[in-house]
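Engineer: Here's the letter readout for the chains.
Protein chains: 2
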Amino acid sequence: MEKIRVLTLVGGISRDSLNKKLYHAVKERAPQSIKILTFDISKIPFFSQDIENDPPDSVIEFKDLIREADAVLFITPEYNRSFPGVLKNAIDWGSRPYGQNLWDKKPAGVMGATVSNVGTFGAQHHLRQVLAYLNLSVMAQPEFYFTSKNSFDEKGVLTDEKTKKFIDQYWRAFSDWIIKLIPSSEKGESREFAKDEHPPTH
Amino acid sequence: MEKIRVLTLVGGISRDSLNKKLYHAVKERAPQSIKILTFDISKIPFFSQDIENDPPDSVIEFKDLIREADAVLFITPEYNRSFPGVLKNAIDWGSRPYGQNLWDKKPAGVMGATVSNVGTFGAQHHLRQVLAYLNLSVMAQPEFYFTSKNSFDEKGVLTDEKTKKFIDQYWRAFSDWIIKLIPSSEKGESREFAKDEHPPTH
Chain A
119 MEKIRVLTLV GGISRDSLNK KLYHAVKERA PQSIKILTFD ISKIPFFSQD IENDPPDSVI
179 EFKDLIREAD AVLFITPEYN RSFPGVLKNA IDWGSRPYGQ NLWDKKPAGV MGATVSNVGT
239 FGAQHHLRQV LAYLNLSVMA QPEFYFTSKN SFDEKGVLTD EKTKKFIDQY WRAFSDWIIK
299 LIPSSEKGES REFAKDEHPP TH
Chain B
119 MEKIRVLTLV GGISRDSLNK KLYHAVKERA PQSIKILTFD ISKIPFFSQD IENDPPDSVI
179 EFKDLIREAD AVLFITPEYN RSFPGVLKNA IDWGSRPYGQ NLWDKKPAGV MGATVSNVGT
239 FGAQHHLRQV LAYLNLSVMA QPEFYFTSKN SFDEKGVLTD EKTKKFIDQY WRAFSDWIIK
299 LIPSSEKGES REFAKDEHPP TH
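From first to last, the protein sequence lines are chains A and B. Taking my numbering, I'd label the letters of the first sequence as residues 119 to 320. Taking my numbering, I'd label the letters of the second sequence as residues 119 to 320.
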């Protein structure tokens, strides 16, 4: 059985990024049926039409990964009630040149972590608007607004039991969502996805 | 008399950017009382907390310019119903480190040009939400949604008379807005701003 490939993009690029920690917890708790792909979006230059037809290797590599992905999971911090420029930039690259939107029809999920009280609501909803335009099918519920102060240990490992359970719940809903939406014919008739028994065995 | 310093930031960074052309027309038609400052925001790296306390020279230069500015004018393209990552990134830099928001209380304007029909409405309203959070005082009206196909000649010079008039109208409203909002005491008691007779003499 083939695994479902989920490209997971993290909007936080600093060493101690809270959203990177969330990413590691989410990856760690992914069901057996899921294979996580990821990419360091800070390697990509600012988008410009001057280079879109002859992009640098980092962009080619990123685009190949989008093509390979069955679904996309965005994990974003909130900067000034929206999502970071580095993430918007990566998304824009994936949509260009005009008429070659690689995000088209991908099932998607959105999560975010912050130390502030709004829980990345602003970031996620700006992001959802952009993803809607790009024709990703973003799962509506459960939402994942994560206000974290003491949920990770000093090594960045998630220790909070309630959050662990919520991540498991998110994964159940998200893998159902992906399976429902992937047109099996798109990746070749023979492809059959692995299925998990609920709940995941973590 | 001192001129009013308006930092004008352009979200389009390609050589033939339509918004750069709009910027040149806007600068050309600025009233005598206005001095335009600008900055190439593509020189700034992606924001990261790892470097916010010891940023590169490009960021230091950019922040000095924000401090110097009496007001800010944003001219943005629309990418996927929002504004470009390169512009979001620059705005985020100006708001950091935490508690040192350099945008605070600046009067601001928002404009945008595109070849598509929505006229950058999506981009401008995502931008307005971010600017509201950062406590810039963004002029409400007139809005400036510019759908341009044949308004510039082959050298990038604005030839369309209706758009020229609208830029003049925008400048009248925007300089009134700035004058109304700049606390004169903030820049030193002795500072007195130049005033234009309406309409501008172009």
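Read the hints as simulated data drawn from the structure, not as lab findings. Be careful, since some hints might not be right.
Treat identical chains as interchangeable: a pair holds within one or across any two.
Claimed, not checked - Taking lysine-lysine pairs in the DSS-like style, the calculated list, with each CA pair at most 30 Å apart, reads:
id : residue 1 : residue 2
1  : Lys181    : Lys161
2  : Lys181    : Lys138
3  : Lys121    : Lys153
4  : Lys121    : Lys298
On a predicted model such as this, the values are computed, not experimentally measured, just so you know.
Engineer: Tell me the numbers of any earlier hints that the structure contravenes, in ascending order.
Structural biologist: none
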